[in-house]
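S.K.: Okay, here's what each chain looks like letter by letter:
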Amino acid sequence: MFSDQKKYFEIGRDMAGRMRYGAWQIKEIVDLTLQPMETKKEQFLMNFDTDVEEVEVEAVLTYFVSGKKKDVVYSVKENLAFDID
Amino acid sequence: MRKTRLLLLLFFGAALIWRPISLQAMDTEVDTIDELVSMFDESTCMDCHEEIHNQWAQSWHAQSVVSSLGSIHNFIEIGIKKEWETEVTKGHLLKCLDCHAPVINFASEKLAVEIADMIVTATKEKDTPAGEAAKKELAKLKVGCLSCHNLKALTVAPGWNGPREEGMIYGPHGEDAGDAHETLESIDMTRAAFCMQCHGIYTAADGETIQCNTLSGSYQNAYVAKGGSKTCQECHMDKGHYFPGGRDLDTVKQGIGFDVQINPYRHLPGQIKDVKDEKQWVPSAVVTVFIENRAGHRIPDG
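First to last, the sequence lines map onto chains A and B.
By the working numbering, the letter at position 13 of the first sequence is numbered 13, and the numbering carries on one by one without gaps.
By the working numbering, the letter at position 93 of the second sequence is numbered 93, and the numbering carries on one by one without gaps.
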């Protein structure tokens, strides 16, 4: 019905084709990760159809430790009820 | 003439006797992995430190070479051979293994090149008998007890600390271990700078900077700069020598806060397209998420 996501990550290659995450190349560049001592605020606006009476909203924080392994760190669910006029 | 020769011989003899023990060890280079491992035999550590050993055995330090075969293989095959167009040397390999297996410093040039070949074989021929044999041999190389408690114990400030003593155990408290071994206090081991020797920008002997991860860069430039003062050890030794990090869910949870606020509302009619009845108020919600980075470095990194 509705899905959105925000990703925080190390970026890949720069415009000269040099990797920005490789061990033997240069890494300084725009940092898209979560910074220490900071709180990020993300807001998601979702609209449903006019005949929807009940919705389950789930917010999930997933941590990808590698391309192969991911962990669900937090998951928050809430049921919303809407009265139809 | 005879007198001069005698004096020179005496001087040369004295120079050998007074050389620091650590430098003698640095000159010792062996030709097999088994000899390398036996130079820093850690098999007796667990006799007294069983709990610590068991924690370490579950850690990534205990598999610091075999868990990084892909990256080290890429450095050898893509970095050194393809991009730099040169042959692998011990100096090259040390750029990885001075941290991943510090005992490599005592490998001969021949052994270092053999180890590089093993890394390539273990990666390229994974799941074959040759690949498995190479991996089994490489598994003997790791960040063991003496990697931190001797080899790297003083190297944060080698001038101030002086050379390490061969056979000495360095610890944060210098507690006496009775007859088992001598212990010297190394305050450096309690500091972030100790971990940052490897978990950050590593400068190789030829000046090359190796940036496997930038945790220490983020720690210094973002965390400490904003007033943070915890050390790496305060969080990453919560489970002792298991050194939990991004692969440990408890540690990830400790480092990230997650506050979700879900607010349902009804959107103005006629504003949202493609709904069944554009004259109706539209069921809607605003989900606000606050993600707090409580770690001492950026997330993700590693």
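It is worth saying that the hints were derived from the structure and are not from the lab.
Mixed in with the good hints, there may be bad ones.
Label-pair ranges, simulated between beta-carbon atoms [as the list claims (entries may be wrong)]:
#1 A:Gly67 to B:Pro172: 31 to 41 Å
#2 B:Met237 to A:Leu32: 40 to 50 Å
#3 A:Gln43 to B:Glu208: 37 to 47 Å
#4 A:Leu32 to B:Ala205: 30 to 40 Å
Here are a few chain A residues that face chain B, going by a calculated C-beta distance under 7 Å [to be verified]:
#5 Thr50
#6 Ala59
#7 Val60
#8 Val73
#9 Tyr74
So the derived list for chain B, only partly shown, Cβ under 10 Å to chain A, looks like this [to be verified]:
#10 Ser59
#11 His241
#12 Gly245
#13 Pro269
#14 Val289
#15 Phe290
#16 Ile291
#17 Gly296
Quick reminder that beta carbons are idealized off the backbone N, C-alpha and C, glycines included.
S.K.: Are the hints correct? Go through all of them and say.
M.R.: Hint by hint, here is what the structure shows:
With their beta carbons about 36 Å apart, Gly67 (chain A) and Pro172 (chain B) fall inside the hinted range of 31 to 41 Å. Checked against the hint of 40 to 50 Å, the C-beta distance between Met237 (chain B) and Leu32 (chain A) comes to roughly 29 Å, which is inconsistent with it. Between Gln43 (chain A) and Glu208 (chain B), the C-beta spacing of about 44 Å keeps the proposed range 37 to 47 Å intact. Checked against the hint of 30 to 40 Å, the C-beta distance between Leu32 (chain A) and Ala205 (chain B) comes to roughly 33 Å, which is consistent with it.
The beta carbon of Thr50 (chain A) comes within 4 Å of a beta carbon in chain B, closer than 7 Å, and the hint placing it at the interface holds. Taken as an interface hint, Ala59 (chain A) checks out: its beta carbon lies about 5 Å from the nearest beta carbon of chain B, inside 7 Å. Because the smallest distance between the Cβ of Val60 (chain A) and any Cβ of chain B comes to about 9 Å, over 7 Å, the interface hint for this residue is violated. At about 5 Å, the closest approach between the beta carbon of Val73 (chain A) and any beta carbon in chain B falls short of 7 Å, and the interface hint on this residue holds.
Interface restraint check: Tyr74 (chain A) against chain B, minimum CB-CB distance 4 Å, threshold 7 Å, status holds. Hint on Ser59 (chain B) is violated. Least Cβ distance to chain A is approximately 15 Å, over the 10 Å limit. Of the supplied interface hints, the one on His241 (chain B) is violated, with its beta-carbon coming no nearer than about 20 Å to a beta-carbon of chain A, more than 10 Å. The closest approach between the C-beta of Gly245 (chain B) and any C-beta of chain A is roughly 9 Å, which is under the 10 Å cut-off, so the hint is satisfied.
Contact between Pro269 (chain B) and chain A, as hinted, is supported at the beta carbon level, the nearest pair being about 9 Å apart and thus within 10 Å. With its C-beta approaching chain A no nearer than about 5 Å, Val289 (chain B) sits inside the 10 Å limit, and its interface hint holds. Nearest Cβ of chain A to the Cβ of Phe290 (chain B): about 5 Å, under the 10 Å cut. The hint holds. Evaluation of the Ile291 (chain B) hint against chain A yields a held restraint, the C-beta minimum of about 5 Å falling below 10 Å.
Against a cut-off of 10 Å between C-beta atoms, the interface hint on Gly296 (chain B) holds, since the closest Cβ of chain A lies about 6 Å away.
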